[in-house]
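Going down the list, the protein sequences come from chains Z and C. Counting along the first sequence from 1, when you hit position 58 you're at 57 in numbering that gives the first Met the number 0, and nothing is skipped either side. Counting along the second sequence from 1, when you hit position 149 you're at 148 in numbering that gives the first Met the number 0, and nothing is skipped either side.
Hints listed in this document are in silico derivations from the structure and should not be mistaken for laboratory results. Heads up, some of the hints might be wrong.
With a cut-off of at most 20 Å between alpha-carbon atoms, the simulated SDA-like pairs for lysine to any residue come out as follows [said to hold, decoys possible]:
1) K261/C - L132/Z
2) K223/Z - H69/C
3) K261/C - H64/Z
4) K223/Z - K117/C
5) K234/C - Q128/Z
6) K19/C - W253/Z
7) K93/Z - M433/C
8) K19/C - V247/Z
9) K93/Z - H69/C
10) K261/C - W253/Z
11) K244/Z - R91/C
12) K256/C - E121/Z
13) K223/Z - K19/C
14) K222/C - T368/C
15) K348/C - A300/C
16) K223/Z - I34/C
17) K234/C - W209/Z
18) K261/C - W209/Z
19) K380/C - K227/C
20) K227/C - E121/Z
21) K261/C - T205/Z
22) K227/C - H64/Z
23) K244/Z - K19/C
24) K261/C - W131/Z
25) K256/C - T194/C
26) K117/C - G358/C
27) K227/C - G63/Z
28) K19/C - K182/Z
29) K244/Z - F23/C
30) K223/Z - V37/C
31) K234/C - M60/Z
32) K289/C - D355/C
33) K261/C - G375/C
34) K244/Z - S88/C
Each chain, written out:
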Amino acid sequence: MTSSMLFNITTFTYLISTIVFFAFLASKNKSVGLAGSLIAYSGLAIQTVAVALRWKESYDMGVGHAPMSNLYESIVFFSWTIVLLFAYIDIRYKYRVIGAFVMPFALLGMSWAQLGMNTGIEPLVPALQSNWLLYHVITCFLGYAAFAVACGISIMYLIKTVAEGTDSSASAGGLMSMFPPLKVLDDLNYRSIMIGFPLLTLGIITGAAWANYAWGTYWSWDPKETWSLIVWFVYAAFLHARITKGWVGKRAAWLSVIGFAATIFCYLGVNLFLSGLHSYGGGAR
Amino acid sequence: MATTERSFITNVWDFFCSLKLTLFLLISLALTSIIGTVLPQGALPPEYVAQISSTKLQIYTKLGFFDMYHSWWFIALLYVFSLNLVSCSIKRLPHVFKFISEPTLVLGEGQRNSFSLKQEMSYSGPIEKGKERLLEFLVKEFSTPVITEHNGEYHLFAQKTAWCRLGVYVVHLSILVIFVGAIIGSLAGYKGYATIVEGTSINAFEGRDGQQMPLGYEVLCEKFNVEKYANGSPKEFRSTLTVLENGKPVPGYSQVKVIVNKPMTYKGITFYQSSYGQANDPSTFFFSVKQRATGKTEQIALRPKNLTSLPDGRTATIVDLTDNPGEGMAAVIGVSEKGGEPKYFKVLKNYPTMDDMRGDSLVFIFTGTDAKQYTGLQVAKDPGVWVVWLGCTLMVVGICIAFFMSHKRIWVVVSKGHVRMYGNASKNQAAFQMQFEDISEKFQEIKI
Ligand code: HEM
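Working from the sequences, and respecting the hints, build out all of it.
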């Protein structure tokens, strides 16, 4: 069994889980929801084994390094953290529907990685040969995953406000009754960001520490650095919006969605559209 | 007149204390920062200048868009940001201190209704005895209360981790500490670049604006090596450096290996491996040549366009030098019999045993050239960096206090006929609710 086969199985498992969660939304059948969660967890377990196996395979090839060194590996790790965080929220807060809004992110990541990218294990270029890589990538991606979950929850919040605003109690008792109450969604959004924000902060700090160690400048306004700061500003705005009158609820939900859009741009857009020091897997700097 | 002046000052003060300004600033910083990630910063590449219209170029330059993070308006935003931060803290900190040091010990009737966490039980005994019993209970289950007698009632107030309300201010302070560190770095630090050819030394480097900056000592580059993976991608760039004071190597700073991610620091100045290149074209190529029959080996030097005679009387010259990925450096040699046509073959530097397979009576091993490499080093000194790390540490600690700790308070009011308990937490009310329910169950059970 190779890691790449296991990653394919993982992708397929996330696809099934997403479909089952959508069926759960439509049917409101509790056991369908449970099935969705269990499938997601087994996917998580398979992916964990796959990541460990890929790590070992890199050592077998003589280029041993943690599997977080290029765009492909980072996306796989990103999907893994999203599902991990969903599992935490599912078990801790018992709001299973969130799966229908969070698992698609994990599925999207895995499918793109498996179908659209070079999956080969590459040796580390000199710039990436540092333990800081591990600390930096892990903190950043845990943060990103928390923001992904917050974004999913905010989308639910916005859908629910629209639904409650337009049609009255009759159909609001339908699909919308599956969604946690607005107050709970708002609170879960805040909690996810309370996990994500410290991690992003640590991610930026470890990145700065690494940059300082590797080339003597902790901050050089390179596009990736700047975008991570932009993301940080948006979530700082979110945190302050909550304690300002008139900014809770809908506006906070929008800020969370915008924050995640900025996160995705920071992660992918910068590599695709802008140039800088960070071009993942782009060889030596 | 005096009153309008007062109100003007109050208005300015309120403006700087407002959280709406904070939101405006955070969003403005986020939006304006985008400019510098889209437009080139610093020295403009000529291709960019050629493609942009001159009016645009002029406007952008005027607005400082090509060095926007140092432009007057971006710095001004950061100043207002700091002012906002300081004003907010000045306004709120005294309240917070007061809140911590002078907590509400007595709950008025009106306040009591506002609690979501409350528990009540009837009690007909003497209130003195009830007070003593509940004091004991709170000490055991929560924390030591302060007891106040008021209007014939006893109010017991107990709290935990009140100081965590200061966490937010630690975060805010940390931002200012980081700014201070950055300012120290920009005033007292410098950055530059040095190139050292193998075997030579430097005593100065080139600063940002091109002028030579003295180091105060010498740095000698003994050697520069590039190591590659089997697939040809680079594995390691390594400079071997020696620090010289008065021409003598400094103990502990001799033959230091500097690679990417492993700099060398001497007297506060740090040298980072950054680039490399060839200082001159090779003119001489060195080989060891083994006679297959006898095993005798000789060192020879070949030069392009020059014929060098070999141990067996033939002549050889270099016709080409290649450096392909996966193959590494290789020389194409032409060997000819006296007056005959040359025979060409390739000798790879990374595979010294390969020429054996050619089957010729002479076996060539490519040992190197006389070309010198130079190493490119980033040179930096930043005395403010420790202040920045202090600020970062404060920030992480502050965020953890602000998010993951909670100020928990319990009031117990003992009066004729009942005992009532109220609870409140500054963060994570749900978790405190469980603790409160647990305590109130025990509260119901105690015999007073
Ligand atoms: C102009 C700048 C800023 C001002 C004036 C400001 C002001 C404030 C104020 C007044 C509070 C409420 C404190 C309370 O609960 O009594 C607060 C909370 C907070 N601020 Fe700031 N702030 C600023 C920038 C920042 C930044 C850049 C960060 C980024 C780390 C930050 C992090 C926080 C956090 C984590 C909280 C606690 C929020 C919560 O408990 O949900 N602040 N800020």
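Query raised in the report: Is the straight-line distance between the alpha-carbon of K223/Z and that of V37/C 20 Å or less?
Result: Holds - the C-alpha atoms of V37/C and K223/Z are around 11 Å apart, at most 20 Å.
Query raised in the report: Taking 20 Å as the top limit, are the C-alpha atoms of K261/C and L132/Z close enough?
Result: Cα-Cα ~14 Å, so holds.
Query - Distance restraint between K93/Z and H69/C, which requires alpha-carbon spacing of 20 Å or less - result: violated (49 Å)
Report task. Assess, step by step, whether the Cα of K289/C is no farther than 20 Å from the Cα of D355/C, and give holds or violated. Result -> holds (10 Å)
Query raised in the report: Hey, K19/C versus K182/Z, does the alpha-carbon distance stay inside 20 Å?
Result: Violated, at about 23 Å.
Query raised in the report: Taken at face value, is the distance from the CA of H64/Z to the CA of K261/C at most 20 Å?
Result: Holds, at about 18 Å.
Query raised in the report: For the pair supplied as a hint, K348/C and A300/C, is the alpha-carbon distance within the 20 Å limit?
Result: At roughly 15 Å apart (the allowed maximum being 20 Å), A300/C and K348/C satisfy the hint.
Query raised in the report: Taken at face value, is the distance from the CA of T194/C to the CA of K256/C at most 20 Å?
Result: holds (16 Å)
Query - Agreement of K223/Z and K19/C with the hint, judged by alpha carbon distance not exceeding 20 Å - result: Status violated; Cα separation ~28 Å.
Report task. Quickly compare the C-alpha distance for K223/Z and K117/C to 20 Å and report which way the hint goes. Result -> violated (50 Å)
Query raised in the report: Taking 20 Å as the top limit, are the C-alpha atoms of K244/Z and K19/C close enough?
Result: Distance of about 9 Å is within 20 Å: holds.
**Report entry** Satisfaction of hint between I34/C and K223/Z, Cα-Cα up to 20 Å
**Finding:** Satisfied, since the Cα-Cα distance of roughly 13 Å is no more than 20 Å.
Of the numbered hints stated above, those contradicted by the structure are hints 4, 9, 10, 12, 13, 19, 26 and 28, listed in ascending order.
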